[in-house]
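Asker: Sequence:
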Amino acid sequence: MSLYKNLLKSNAGIAPLFLRLPVGIILMAHGSQKLFGWFGGYGLHGTAKFMASVGLEPGLLMAALSGGAEFFGGLFLFLGLLTRPAAFFAGFTMIVALFSVHISHGLFLSNGGFEYALALGAVCVSLLISGSGYLAIDRYLSK
Numbered sequence: 001m002s003l004y005k006n007l008l009k010s011n012a013g014i015a016p017l018f019l020r021l022p023v024g025i026i027l028m029a030h031g032s033q034k035l036f037g038w039f040g041g042y043g044l045h046g047t048a049k050f051m052a053s054v055g056l057e058p059g060l061l062m063a064a065l066s067g068g069a070e071f072f073g074g075l076f077l078f079l080g081l082l083t084r085p086a087a088f089f090a091g092f093t094m095i096v097a098l099f100s101v102h103i104s105h106g107l108f109l110s111n112g113g114f115e116y117a118l119a120l121g122a123v124c125v126s127l128l129i130s131g132s133g134y135l136a137i138d139r140y141l142s143k
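Counted from 1, the sequence shown has number 76 at position 76 by the working numbering; the numbering is strictly sequential.
I should point out that these hints are in silico values taken from the structure, not numbers from a laboratory. Everything numeric in this text was worked out from a predicted model, so none of it was measured. Fair warning: there could be bad hints in the mix.
To be verified - Derived Cβ-Cβ restraints for the label pairs, each shown as a range:
1) 15 / 49: 36 to 42 Å
2) 135 / 54: 37 to 43 Å
3) 38 / 143: 32 to 38 Å
4) 13 / 105: 36 to 42 Å
5) 85 / 22: 18 to 24 Å
6) 122 / 40: 22 to 28 Å
7) 22 / 106: 21 to 27 Å
8) 3 / 49: 36 to 42 Å
9) 21 / 43: 25 to 31 Å
10) 21 / 42: 24 to 30 Å
11) 43 / 5: 37 to 43 Å
What the hints assert, rightly or not - Heads up, simulated SDA-like pairs for lysine to any residue below, C-alpha to C-alpha not over 20 Å straight-line:
12) 9 / 81
13) 9 / 141
14) 143 / 4
15) 49 / 61
16) 143 / 14
17) 9 / 129
18) 143 / 3
19) 49 / 65
20) 5 / 81
21) 143 / 12
22) 49 / 37
23) 9 / 19
24) 49 / 98
25) 5 / 128
26) 49 / 101
27) 49 / 39
28) 49 / 32
29) 9 / 75
30) 5 / 88
31) 9 / 142
32) 9 / 79
33) 49 / 64
34) 49 / 35
35) 143 / 130
36) 5 / 139
37) 143 / 13
38) 49 / 33
39) 9 / 134
40) 5 / 129
Positions of the beta carbon are idealized from the N, C-alpha and C atoms, including for glycine.
Let the hints inform the model, and build the full structure from the sequences given.
Answerer: This is the structure:
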């Protein structure tokens with residue numbers, strides 16, 4: 001079987017849908033804050049300044065990469081399109097956020113902690129392993 005088909009194949013049933021939809025929406029919203037300034041975000045240049053301030057340089061590139069991984073990764077997760085690569089890139093972004101921004105604030109989100117990034121990252125790892133499941137574009141592309 002080709003690498004492409006292995007990347008898309010999933011025997012997971014319907015369960016991943018209930019991870020893909022809400023996490024896809026959440027990631028798209030956060031990515032749109034970073035890229036476009038939607039939903040009260042700072043946009044690309046504001047995010048770039050923040051990235052540089054926490055040592056993620058060059059700030060503009062890091063903002064574009066993290067915003068793109070969240071927005072497009074979230075969109076692809078929502079659709080079940082290239083789910084494993086989308087989960088990989090979104091999950092990697094959550095790991096970077098966890099260790100570069102949130103870990104020093106402890107666990108709880110109310111203190112700026114890492115619980116949210118950890119939860120999103122865990123869902124991404126689950127989807128990376130399981131694939132998109134039954135109701136996804138990947139299923140139709142793999143045939």
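Asker: Taking the numbered hints from earlier one at a time, note which ones the structure violates and give those numbers from smallest to largest.
Answerer: none
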